[in-house]
Amino acid sequence: MKLMEGSEAIAEAAIAAGCRFFAGYPMTPFTELLEHFAKRLPDEGGVCINAESELEAAGMAWGALATGARAATGSTGQGLSLMQESFSEITLAELPLVIFNMARGQQDYYQSTRGGGHGDYRHIVLAPMDIPEAVELTQLAFHLADKWRNPVLVYGDYLLAHTHEAVDVNPIVFDGALPEKDWALDGSLGGTGQSRLVSPLGFEKSGRESPGIEAHLRRISAKHAEISATEVRVESGYCDDAETVIVAFGPPGKFVRYVVAQLRAEGEKVGYVRPITLWPFPTEAVAAAADGATRVGVFELCAGQMIDDVRLGVLGRAPVVGIGGISTDASGFGVGPLLDVEIIRERVFALHRDLPLPSLPDNDRSF
Amino acid sequence: MTSTNTELKVIGQQLPDLLLTAHHHMCPGCGEPLALRGCLESISDLGLSQRTIAVAGIGCYTSFSMTTDLDLVQALHGRAPSVATGVKRMLPDSIVYTLQGDGDMVNEGLQEVLHAAARGENITCVLLNNGVFGETGGHMTATTVLGQRTKNSLEGRDPTYHGFPILIGDLIAQLEGAAYVARGSVHNAGSVARTAKMFRRAFEVQMRGEGFSFVEVLTMCPTGWFIPTIEGPQYMQDTLGEVHIMGELKVDGVIHTTDELHAQNVLKAAEMEKALARGGIDT
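Protein sequence lines correspond, in order, to chains U and H.
Mapping of the first sequence onto the working numbering: position 318 corresponds to residue 318, and the numbering continues sequentially without gaps.
Counting the second sequence from 1 gives a position; the working numbering is that position plus 1000.
Hints were generated in silico from the structure; no laboratory data involved.
Watch out, some of these pointers could steer you wrong.
[Claimed, not checked] Per label pair, the in silico range of CB-to-CB distance:
| no. | chain 1 | residue 1 | chain 2 | residue 2 | range |
| --- | --- | --- | --- | --- | --- |
| 1 | H | 1228 | U | 223 | 45 to 51 Å |
| 2 | U | 228 | H | 1197 | 51 to 57 Å |
| 3 | H | 1120 | U | 81 | 26 to 32 Å |
Every residue, glycine too, gets a C-beta built ideally from N, C-alpha and C.
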């Protein structure tokens, strides 16, 4: 065990998973992840480039991926906004990119699960609740990216990036053989008539069978349906007889789990669902938890984004109420006063007893 | 009028080594196939076919991604230099080049190529510069010259309204990381031969690991210029060619200005005239 900052543990986990290329552009609270990659990758025979912009970071990772390397990029949601065009096309080129979002709160749920880019594309989104889980899910991200030839996004935040915890980072061997990267380029096939093309456009080299754009897009869409059916990850507790079910993800999900366990110990019939994959969303787990429940609460650190997916899961079985909200420190980058066990407990309890929801705590505005 | 039967005779294999087919969908009079040929023949002549990876931008030339017999990454509009950077950093022994148009490189992705050059990234960026967005049908780009008519500068590019063109080769030559910068053309046989040498030198610079190399090629686009096909080469020489001056802008760390290149070109033209008078040119 070693005491590590979350950013360092995630970088170490990526390296343990074989990541040998990273490109990024500094932005709080993502910056330390870039710093750790910059420090560590050269020792491992890898490359970390401080790109001139987020657009170039995405482009550089794209190029590294085309050679068959395990490669990643990342930023804060604001920076990922700039990368969305490339993310769309990298998905359509079926390259196994891993993306880290060290987000400001949970305001990037829509961006992560719907995407800000064009076209019919999906990313697998993994949302760890703490550093040990981030170490595991970071490695899983590289595995799933290669398994499906599809980008995987790891959703972190300020708390995850900056908390220190004692953790072990050991390489994880996941079940199932990965497909061979028989599409990767090394430049050796030029002039042989067998040269390769890595393209998002659905075209092949002249003279070879080419699916064309329509068939290409349909095949990728079918792949996303398969991922959706097989890669759901979720944790839930105390839902069997729960009158009140709370849905929350990431570090706030860990806070909610703690609060629910406390209230259960006091005899309150509450339960929780913690989506680990935000896409594919654990719709069935939410539906099962809502069956027989009187109400479903959604605790998220934003104005209300995941609540849409919860409503689709609950599908009218019970009223769905948002009990989170916007809460940041004065800088807007860090953790706000809403992420607090006592305050979350008050809000869960109010929902559970049909009491008025307490008003949101304000930050102290000193910066 | 009487018609005569003419028999087509195949006079030799015209397909360069690194093309899968001679077919392309370019317009009559387009300069891009000539420029591509120069690039691919240089790679083949230097024995680099089995260690080269190409990165293509988005424009008319994107169809070459399918017909070029090299490992190739299809990039987004403007983004080829960063993609090429990722490729080269993971495979430092490979030869990596980008193929982009002026809309792709100088409009959409200007900062990409400038930063790649400034970093001294050991890649070759190739620009096919015709001063218009050919693929969308003849619209103004950042290299469109003053007075040039396009679909969105109908009365000609007016600096007070549309701003001035960017002379991208000249700009890149100023950057410390740029090792070799040249601007060629394909509007006549002499220029085609001269441009082929520029490609060779650029790839040699990359082979020696000297840093960023850049070959700009002025190409005809009679469709996008709204002129008869046959007038393409002359129009190119009189408009783009008078502003984007042909020649080697940076060799062995020495920068050559537009004025110097202009003077060189005048001398070369005089030599060529003399040679023609003697009855032949020696390329």
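Cross-check of the supplied hints:
1. Take residue 1228 of chain H and residue 223 of chain U: their Cβ atoms lie about 49 Å apart, and the range 45 to 51 Å holds.
2. Checked against the given bound of 51 to 57 Å, the beta carbons of residue 228 of chain U and residue 1197 of chain H, roughly 55 Å apart, stay inside it.
3. With their beta carbons about 30 Å apart, residue 1120 of chain H and residue 81 of chain U fall inside the hinted range of 26 to 32 Å.
The structure shown violates none of the earlier numbered hints.
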